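Q: Chain by chain, the residues:
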Amino acid sequence: MIKFFLMVNKQGQTRLSRYYEQVDLGKRPALEADVVRSCLSRHKDECSFVEHKDYKLVFRQYAGLFIVVGITDTENELSIYELVHNFVEILDKYFSRVVSAEAQIMFNLDRVHLILDEMILNGHVAETNKTRILAPLMVLDKLAEG
Amino acid sequence: MKEIMVRAIYCEMLGYEASFSYIHAIKLAQQGSAIEKRVGYLAVSLFLNESHDLLLLLVNTVLKDLQSTNLIEVCMALTVVSQLFPKDMIPAILPLVEEKLTNPKEIIRRKAVLALHKFYLIAPNQVQHIHSKFRKALCDKDPGVMTASLHIYLQLIKNPDSYKDLTGSFVAILRQVVGGKLPVDFNYHNVPAPWLQIQLLRILSLLGKDDQSTSELMYEVLDESLRRAEMNHNITYAILYECVKAIYTIYPKSELLEKAAKCIGNFVVSPKINLKYLGLKALTYVVQQDASLALQHQMTIIECLDHSDSIIKRETLEVLFRITNVKNVAVIVEKMLDFLKNVFMEPDILFLLYVGCFPLLSDTYSPNNEWFIQTMNVVFSLGGELMHPDIPNNFLRLLAQGFGSEEEEQQQLRVFAVDSYLTLLESDTAHLPQRFLQVISWALGEFSYLKDGLEPCKVTKLLAKLLDERNVTSESRSWILSAMAKLSAGPGAAALALQVSERYSSSLDTVLRQQALELLHLSQDPELHARFFHLWHVQVDSSLSFLDSFVSEALSQGAAPYKAPHQRQEELRQEKALSLEPYSISLPVSLSSCSITDRQSPTLLSMSSSLSGNSNELKAGSSTLKLEGVKRVWGKEGYLHQQDAVEEAAQVEEAATPALPLSPQQGGAESQQTHGDLTVVEQEKQKLASSLFVGLGSQNSTFLMGKSDSTSQQFRRKTRAADSTSSGVSERSSSSSHSSCSDFLHNNLLEDSQNSLNTQKIGVSNGTHEGPVTQSFQTTSKETSPFLDAGMVLVQPCSPQTELRDFVQPGSSGITQTSLRSQFPPELSQLPHSDISLLSSDHSLSLSACRAYRDDALLFVIILSNCSQSSTNGLSVQLDCKHIFETFSTLIQVEPHTQVTVAGSVSYRAVPGHTQTLQFTDKLFLTDFIRPLTLSTEEYGKLWLSFSQDVRQNLKLIQGEGDPLRATLSALKEQLQLHIVDIIGSEGIVACRLLPDSPCLLHCRIHGGSLAVWLRSPLLSLPDCLLYYCQKTLEEC
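Protein chains in written order, with full-length UniProt numbering: chain A, 1 to 146; chain B, 1 to 1037.
Honestly, the hints are just simulated from the structure, not real lab data. Given the structure is predicted, the values throughout are model-derived calculations rather than measurements. All C-beta atoms, glycine included, are put in the ideal place defined by N, C-alpha and C. Just so you know, not all the hints are guaranteed correct.
[As the list claims (entries may be wrong)] Below are the DSS-like pairs computed for lysine-lysine, each with C-alpha atoms no more than 27 Å apart in a straight line: (1) K53(A) with K245(B); (2) K64(B) with K105(B); (3) K158(B) with K3(A).
[What the hints assert, rightly or not] Examples of chain B residues toward chain A, derived with CB under 10 Å: (4) L63; (5) L84; (6) E106; (7) L450; (8) K956; (9) I958.
Sequences and hints are given; from them, build the entire structure.
A: Structure below.
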């Protein structure tokens, strides 16, 4: 099961966070800081999985942006690693190649969330088909324009 | 508004609370259009949690959107429902969500299935009746909907028995997916629906676990997935990993195992670090099955041990941990300690776990005492304060009781411990962690007398020195003081003790001061000292019975009876639940506007009556708690558990000794190393490898691996029934069974059931008689003690004179069902009973069981029959009643379990001196404990008003000739043993009780095409469980 999904920049500032398990608002910054610290300290040639407390972290770096996913022990790390990539590819497709632009995510926080919600639900992978994930959002966009 | 909401989301993300905006988020979801609405829902799902009060305000919006004709709105509503929804409100929207399952749009169907998944997660009982719809979703023509339904199945199959028939479908789906039959847009980097494949593999491994016939169905498709996943991409490796895991979980097939192991080999040697990690992880459970597989990868493992990445290193150690045996334990533990030393620079809590592993390793495999103590010393000094407190406690118990080894060896261990601690104390003690100091002082206090020529004075001096250390905490100080108290008998020590106690008797710490004073008195009065420490093993009256009179006096003066903390909490919770009541009552009102009119309970009784009813019940429950029940944990022989533990330990030792001879594999491993030119470094590595993997030969290793399991099994007391020369069996069995039974009634302690309930000794007469022996245990609800009212069921053997029977019939080999039935005891055959089913058998004995329903009890009848030609001696039957007890109390009170497992074993001797055991398990269902409750309509009415909790459900009506209500109710009556109180027009009232006397009332009314049922019972989960059976019964009709 996926416990949380974080997008963090190199300075350690949270750009997006989604928790699939209830975490108190007050505890979130501390948890995020912890998580980011343990991920940022990893070398390039070390593996992308870190054990942290009672769960595992899977992280992937895209230029200045880190995506960190907290998962339980039963989850398959590599599949989550690829899920992150799938997510980034979808963002790529939607925002037409501006993943590196952190600003894009900051200013479209709601849309990124909507994409993520289509993809992961209650900590389970709900959908991975790119067109299907984007379909509801596209319709909404069309409505907004029209 | 939308922009503002996004900003509020941003604020919360950065950790600033924006609770003022919550209500606006709900408003936005309610009033906004399209994207605004979506953002409103999104904000709600981010801000609120399941138990948030504001969520109730969302219910109406969701209801409205679900009924909307706009697909997008329906879609949004379903999404938010599957993210969070208040549990109590599920019935309100369930029909709407169900209806969406047949929507022509795939996205709606998919989201509806996901919403049901959510419901299943938070309230499994509410969706029990739509399991058939899940099957329909699984067969949906759209792969997306099918994928969504797999989430539900993955949850459901955690309890795989009822889903074995679906194995074929899952295999077929996987085959199609692997074969690339899905549309192209499901591909990810040219791999067809990888996450779906992983999900399916997980389901298959759950289904195939320990089940040969089911596993056989999947071998082919697993093989295919292994072959197909050749592409060099991360995601294919993820699938491969899951595949290998599945292969190792299901019933093994050697060919596949080999292939899987080879696959893992590719992982481990991969230069990609992530793959290496996954490979090592896979290896951890591969070696659990067959440790010799590690031999193939030994060099890789050694390389990984020296890897710069600590995560990889950790994973490697995990592998090593699994292959530990007597011979390599020293090397492996050394490696682990090295690792710990490096890692503790950055204190990570996770390594606690590692420290925790050591004692385990050390206990089972330790080559000798000296090594053990030394290793433990290192562990203690490294582990420091972070160590889990169980570890030192365990270690001390071990020192006190020994491994169950020879007394002499034990003494040696203690002496050695004392020795090593003395040397430690003589050197610098400043760096030793507090926990270690405590261990040291305790061990010295207890065992230093064992060492010849060691003056207690010397030890006391060392301890006194320790006491003065600045960094010693007061907790450790009190440990040290009590150690000194034990040693203070000697003349030199007494003087020193006096000095110490004088200093500490003015200490600010009260505990220390008290101990110092105790020390003072003890050291001055040798006689007192001797008496005190001889009294050490005094029997403790743990029931505190000497307080009984005090308690009763207080009670008579009007004091409130004692309530256990959990009971008090329960009460609080109930009160809280009551305060929430208005919500559920107001619900029907709001719902009726949404055209769901039949939600009200037929008798919306006044709140006050239900309140008072409830509090009455509470009072009744609390006043019955008495202290007597705790008595007799300490028998004349002492505490029973302890004895068992020692014996068990003895068994461990026995099992460990045969493992000592060198394995033949060791030679092989070494010869492998010799060929080829090797650099010095490599040679060293290989040397390490040979020491690490020693003893992993096939037979030896499996034996060792298996051993830990066997020792962890519950210890079974062996009873040796002397060969009897008479055929009078029941007399002897009565004595043993009776005593244990009466103990049981007195104890009434569920914990005690760790010992097998009772051990019936039956010696079948010494002739060559053969034939079935029937024995019946009575599962009865004894009203002996008032606090059984919670519905606990006592298992009690019947009094031997009347009920325990032996049938010894010559010459009836080849027993059939009919012959078994003829053996059925006459007084039981009059009772309604289930079919006799064969539970277990071997070449000489077969065991069948049957359940007979008495009005006040369930009789579990075990029928043993001897199918060999020879006689069987020393027969004993054990029923693991822990299960019955615990699960029944949980069945009723905690979790709505609908069935429990009874396990037991029969041991007998076919050949003299050779005991064989036959294990068996059987299931008892809730329905076995349901009896009709005969009531008049007036009584029913009174009872109905006295319960407040209401559960409502729609049931299927049986359409047939005559009145459908009558037909349905009589079907339920037949199957579930209910009592139909009255049927008036389109309404019927039905009553039943769960043994011993927990009533459950049903009020049924025909509504539309279905039967609306309201259930009330003092046991909260009983209605849920009963409903489950009602549904099942009606489905089957």
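Q: It remains to establish, for every hint, whether it holds in the given structure.
A: Quick rundown of the hints versus the structure:
1. K53(A) with K245(B): holds, 24 Å
2. K64(B) with K105(B): holds, 19 Å
3. K158(B) with K3(A): holds, 20 Å
4. L63: violated, 21 Å
5. L84: holds, 9 Å
6. E106: holds, 9 Å
7. L450: Given a least distance of 42 Å, the restraint on L450(B) is violated.
8. K956: violated, 30 Å
9. I958: violated, 37 Å
Violated hints, listed in ascending order, are 4, 7, 8, 9; each of the other numbered hints is respected by the structure.
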